[in-house]
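K.L.:
Next come the chains, spelled out residue by residue.
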Amino acid sequence: MVLNIDHDHRRFREIVRGKVRENLRKYITHGEMIGRKGKDLVSIPIPQLDVPRFRYGKNGSGGVGQGEGNEGDPIASGGEQGDGKGEAGSDPGTHILEVDVSLEELAAILGEELELPRIEPKGKATIQQEKTKYDSIRRTGPESLRHRKRTYFHALRRQIASGSYNPQEPLIVPIPDDKRYRAWSTIEKPEANAAIIYMMDVSGSMTDEQKEIVRTEAFWLDTWLSSQYDGIDVRYIIHDAVAREVDEETFYHTRESGGTRISSAYKVAKELIRREFNPAEWNVYCFQFSDGDNWGEDNAQSLALLADELLPAVNLFCYGQVESPYGSGEYIRAIQGRFGDDHEKLVLSEIESKEGIFDSIKLFLGKGK
Amino acid sequence: MEDHARTYGLDFYPTIFEVVDCDQLNEIAAYGGFPTRYPHWRFGMEYEQLSKGYAYGLQKIYELVINNDPCYAYLMRSNGITDQKLVMAHVYGHCDFFKNNNWFSQTNRKMMDEMANHGNRIRRYMDRFGVEEVEQLIDACLSIEDLIDIHSPFIRRDDEPPRYEFKQADDAEPLPVPGRFASKSYLDAYINPPAALAAEAELRRKEKEREEHFPNRPARDVMKFVRDYAPLKPWQTDVLSMIRDEAYYFAPQAQTKIMNEGWASYWHSTIMTRQGLEPADVINYADHHSGTMASSPTRLNPYKLGIELLRDIEDRWNRGRFGKDYDECDDMQARRNWDTAAGLGRQKIFEVRRIYNDLMFIDEFLTIDFCRQYKLFSFGYQEDTDTYNIESREFPKIKERLLYNLTNIGRPRIVVRDGNYKNRGELFLEHQHSGVDLQIGYARDTLANLYRLWTRPVHIETQLEGKTTTFSFDGSEHNTEAAK
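These protein sequences, in sequence, are chains A and B. Counting from 1069, one number per residue, gives the positions in the first sequence under our numbering. Counting from 12, one number per residue, gives the positions in the second sequence under our numbering.
Keep in mind the hints are simulated off the structure, nothing from the lab. Note that the coordinates shown come from a computational prediction; the quantities given were computed from them, not determined experimentally. C-beta: ideal position from N, C-alpha, C; glycine also. One or more of the hints may lead you astray.
Take a look, some chain A residues computed to stay more than 12 Å from chain B by CB distance [said to hold, decoys possible]:
id, residue
1, His1075
2, Glu1339
3, Pro1380
A short, non-exhaustive set of chain B residues, derived as facing chain A with CB atoms under 7 Å [unchecked claim]:
id, residue
4, Gly43
5, Pro50
6, Phe54
7, Gly55
8, Met56
9, Ser154
10, Pro308
11, Thr309
12, Tyr385
13, Ile401
14, Arg412
15, Leu413
16, Asn416
17, Val447
18, Gln450
Construct all of the structure, not just a fragment, from the sequences and the given hints.
P.N.:
So, in structure tokens, the structure goes:
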């Protein structure tokens, strides 16, 4: 029998990939995938990958069912009727295909679509990481790892050898000695590590809309950078007039009033790098998001910190200025004034709205640092 | 199992069983049972869904039978012996049904070879014209795959319709004013009222216009119409024809799902409980059988409905609960105890399996007692709550709903009304609306695919929320026009 399915399956995956690419800008802009991080796979709803046909709409559709219940009782929600495959034609249903795409694949698509250069990590192979791999069998171990087939096989062998096996009544009872367990060995893997430090202004002028942009953009930055490194460490710093390191949840949900002192965040970042991310071994990425407001007299101090402490330590420093109805947007001009437009490690981007995320990512990651 | 089946009078083509592992079974199932089918991405998609469903333990295919001479049946290697016996008995039921049910009588019994031929031809076209090119054509053809005339294998609708037959001379001829009665001039306005005359003239004009239409009768086999009249290259026509042939081959299976599954289930349970079961099999058998028969509120299980209806028929004909006397008897007591010991049950269900399809089957044999006993209800979509609610437990409503869903295999009825619309060679389809609107998004995409075949603007007229609406696609833009 000739098996063709591999070919068709591959073709299907290719089309899915094409669809994802086609709609990538939309996915990025709408932030649909956010919050699904942490799994290896994301489910992406792809509209109508099935063959379009003339078919009945939902309105007025229905069927015949069986069971208890009174007239008027709900039996299913409109969205649940997924499978519309003509069981006696009585199944209503709409069809949106959910396909699983691994984050890795998604990153690859992102990279292709944005034409992102691959990053050449520094500190390569200096750090070893231990990984475990199940590749052998032992005679002891936890029951959850018991290898049933091997255990059965050994029990069978023992019973045949000892003559207690009866083909008429092939009952195999393993004794403890027959039991076999899966076992792992530890392998060392060279690893290049990267750290991402997000900094955000949480003063009153940054509204939820701006934060949504930051969150969406950060997801894609994470996805890409994770695909380029074996291990990645993500840290968050928020600031108004003072700064502190926080967890992800706090990062996106804090809103403070009060003034803005960007230098405070830079100081925390500097400390963090000094303490945990030795630039010789770590590829450090800083992403700063702000609406561009800073106390006038703080600019000098901020820019000095940036120039002397941060830029020498990082692979890339990205400043994303999110347009807000309250912010003055001055800061980006201050940076431009100090460093000019073409700095090796510094990227500036103005993000006017969600639609701007796509281009902003390209700008940030386009240098391949 | 084969011997048992034959002693019960089942009659089938030679049946070849192949034992395959689950990956292979999923693959074969993805190809609709034909491992040699033409390549297309949707089979890959189907496969992904099947194998995922299997991996997560959501679904499992036990068997697959192909209507062919010889019949092919695939068994899953990992099934236990009880399952295999049950499945084989089930398979012989299907094989008998394929061979003897009238609706299958026109299907190609060498489909295995035919499908392999299709596969080869399409692969050859892919080599010559490129995979994408051919695949896109297949996509477009599949979009109208449902638009065939499922009864045409049995009815000769008409001879080849004339293509463009414009009677130049007739156009110039003035239409005679019809129906004028002789009258005195002062009575003329009353005997021949001008309004009535004008209305009749208009009617004749329209009639004449209709005669000049092409096709002169609405064509139900849209696929055939497109094949005959769309400007396709020979290889494209060939691909469309193959897909149309396959659509006709599969149509009876959709038309007889309830009966076919019911029939096979009836025989597996009969054979297994009388001959097939060893004491050790009982638990496994009961487990599998009840799993197959499980029903849910939102999905009427065709296996369950089919087997129970057949048993009901057998019981009724065994006890003579049919015919004039029984139907007219309104004494509940007498009805309940009615038993003429007619003993015609077995004979009757064999007759039913030969003649009926699902639609006729339900129409004829679904009774009010049956609906009550099996707690059937009809349900419908409630827009305000976005739920499906139980609508009714009344027999006529349930039956109506069921019949409705079985009519035209539950698909909208669509015909070609005009192949030369506006005298510009545009294609005008008509959805014969029967209460439920089309899904607009799908309709638009389908039009776009149809355009790729027809290469001139395409239209479909339907009803949308009670209004006659025409959707059009002209190659670049969609257009919606609602009647005022």
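K.L.:
Hints first: check each against the structure and report whether it holds.
P.N.:
Hint by hint, here is what the structure shows:
no. : hint    : result
1   : His1075 : 6 Å, violated
2   : Glu1339 : 47 Å, holds
3   : Pro1380 : 50 Å, holds
4   : Gly43   : 12 Å, violated
5   : Pro50   : 6 Å, holds
6   : Phe54   : 5 Å, holds
7   : Gly55   : 3 Å, holds
8   : Met56   : 5 Å, holds
9   : Ser154  : 6 Å, holds
10  : Pro308  : 4 Å, holds
11  : Thr309  : 5 Å, holds
12  : Tyr385  : 6 Å, holds
13  : Ile401  : 5 Å, holds
14  : Arg412  : 5 Å, holds
15  : Leu413  : 5 Å, holds
16  : Asn416  : 4 Å, holds
17  : Val447  : 4 Å, holds
18  : Gln450  : 4 Å, holds
Violated hints, in rising order: 1, 4; the structure is consistent with all others.
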